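J.: Sequence:
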Amino acid sequence: MSARNYGDIYSGHDRTRKRAVPQVAAERDLVAEDAASGFCGAVVGFERTYDGEFVKLEDRAGRVRLFALREAAFLIDGQPVTLVRPKVAGPAKPTRSASGSTRVDGLRARVARGSRIWVEGVHDAALVERVWGHDLRVEGVVVEQLEGLDHLAERLAEFVPEPGRRVGVLVDHLVTGSKETNLTTGLGPHVLVTGHPYIDIWQAVRPRTLGIEAWPRVPRGEDWKTGVCHRLGWGAPSDGWRRIYNAVDTFRDLEAPLLGAVERLIDFVTEPA
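Sequential numbering from 1 applies to the sequence shown in this note's numbering.
Warning: the hint list may mix true and false statements.
Distance windows between CB atoms, simulated [to be verified]:
| hint | residue 1 | residue 2 | range |
| --- | --- | --- | --- |
| 1 | GLY62 | ARG231 | 54 to 60 Å |
| 2 | THR82 | ASP59 | 18 to 24 Å |
| 3 | ALA72 | VAL104 | 46 to 52 Å |
| 4 | ILE212 | ASP150 | 30 to 36 Å |
Note that these hints are calculated values from the structure, not bench results.
Predicted, not measured: the structure shown is a model, and the values here were computed from it.
For glycine and all other residues, C-beta sits at the position ideal for the given N, C-alpha and C.
Could you build the full structure based on these sequences and the hints that come with them?
T.: Structure (structure tokens):
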């Protein structure tokens, strides 16, 4: 007599064994039938109560009823299913940096180049980092403060620019005939000076970004930042700066002259020797 394979005799007969019921995400407009009542409708939402999670089904007559999300409680095409809430997709990863360039995922800052970008003060450095920080780390460019344009000649003499060791300088209020223009001419082929026409880099932030119609006029002889904060009701200049810094997220928050100036500097200091 040949041996028969009876399987696991303790697991019960196939007819009495509980079958696995597939789980189906209750996406909006999915049509399902409540197995107990026969109510059939499309998914229109969910509700959470002290008694658990419920799905809202709306039938053809516009009637909406709540049904508990229990195992095998629904039918789709006559087959029992377990409805579950759809998983909420996480926020999409940004593909653009704050400057509008393509974002590099998993970025590890490259070793710093010999070339540098110099800016006049701490606020200039902070805004450049805020918008172009990702790009600068990709390219390995360091931004340093001059602590005033009057120190430019001395710093250049110490740095000694040369091929592969260039200096780009970002200057406030770079207009014809200004003191800034006189201090930044004839500096050699390995130094590029760019800038914007605004009195201070604050003014290179678009007014709409800050919820104002325009930057107020401050008479000559009055400290510009103090005068601006007084006229706008921003408190002290330190309070005004926090307001400005927190409002700037991307290049769209800055005026075009500043954008162009910084982009030219980045191109200059990253150009192959």
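J.: Let me make sure I understand: some of the numbered hints might not hold for this structure. Which ones are they, in numerical order?
T.: Result: no hint breaks.
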